[in-house]
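Number of protein chains: 2
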Amino acid sequence: MTERLSDTARGTLLPPLLEAGWTVSDDGKTLSKTFEFEDFPNAFGFMTRAAIYAEKWDHHPDWTNTWNKVAVTLTTHDVGGLSALDAKLARKMDQLI
Amino acid sequence: MTERLSDTARGTLLPPLLEAGWTVSDDGKTLSKTFEFEDFPNAFGFMTRAAIYAEKWDHHPDWTNTWNKVAVTLTTHDVGGLSALDAKLARKMDQLI
Numbered sequence: 001m002t003e004r005l006s007d008t009a010r011g012t013l014l015p016p017l018l019e020a021g022w023t024v025s026d027d028g029k030t031l032s033k034t035f036e037f038e039d040f041p042n043a044f045g046f047m048t049r050a051a052i053y054a055e056k057w058d059h060h061p062d063w064t065n066t067w068n069k070v071a072v073t074l075t076t077h078d079v080g081g082l083s084a085l086d087a088k089l090a091r092k093m094d095q096l097i
Numbered sequence: 001m002t003e004r005l006s007d008t009a010r011g012t013l014l015p016p017l018l019e020a021g022w023t024v025s026d027d028g029k030t031l032s033k034t035f036e037f038e039d040f041p042n043a044f045g046f047m048t049r050a051a052i053y054a055e056k057w058d059h060h061p062d063w064t065n066t067w068n069k070v071a072v073t074l075t076t077h078d079v080g081g082l083s084a085l086d087a088k089l090a091r092k093m094d095q096l097i
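Chains A and B, in that order, give the protein sequences.
Going by my numbering, the residue at position 89 of the first sequence is 89; the numbering climbs one at a time, nothing skipped.
Going by my numbering, the residue at position 92 of the second sequence is 92; the numbering climbs one at a time, nothing skipped.
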């Protein structure tokens, strides 16, 4: 079951993501990061790799692509905030660049 | 050479796109449309097909994907408005859904 992250879980899962360039929104409900690539094929290649995991885990980002940039926002609508799935997908995205 | 669309060209190229659901921004500089699909794989599949033409024509959309939706904005930064490339990519996208 997907659950909203407890304060304890946030304290464990979020600091490494913040260190990797993710930011948490003021209301604490979303994680965001803008990835920058050499060009469009690299940016879209990243999206394609991430899309496969998003569908596999049934957890999809809100994301915007403008040529070499991909701006990602993660949240778990079902729980009205961040869940472990957001942290998992964020970590995976960092591995896929 | 890419040139900004003349009024005459706009009168020819834009009406069929407006009929197909595209909208022109108030300042006349961008074309936008939101495509809706059955699910994420279909939405991302559309993006993948469109990405190939975007790169082939060296003309890339600004686009946002949220699960089954893809919101596209087209403009030609080099000319500060719409060019024939925007109309061409818009028509292609309509063929790729």
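One or more hints might be untrue.
Pairs involving identical chains hold if they fit within one copy or between any two copies, as the list cannot separate such chains.
Unchecked claim - Pairs of lysine-lysine, DSS-like flavour, derived with a Cα cap of 25 Å:
#, residue 1, residue 2
1, K69, K56
2, K69, K92
3, K69, K33
4, K56, K33
5, K88, K69
Derived by calculation from the structure, the hints in this document are not laboratory data.
Each hint, compared with the structure:
Proximity of K69 and K56 under a CA criterion of 25 Å is satisfied in both settings, with 24 Å inside one chain copy and 18 Å between copies. Taking the shortest alpha-carbon separations for K69 and K92, both the intra-copy value of 18 Å and the inter-copy value of 23 Å come in at or below 25 Å. With identical chains, the CA atoms of K69 and K33 are at most 25 Å apart both within one copy (10 Å) and between copies (20 Å). Within a single copy, K56 and K33 get their C-alpha atoms as close as 21 Å, which meets the 25 Å cut-off; across copies the closest is 28 Å, which misses it.
Taking the shortest alpha-carbon separations for K88 and K69, both the intra-copy value of 21 Å and the inter-copy value of 23 Å come in at or below 25 Å.
Going down the numbered hints, you'll see the structure goes against none, and every one checks out.
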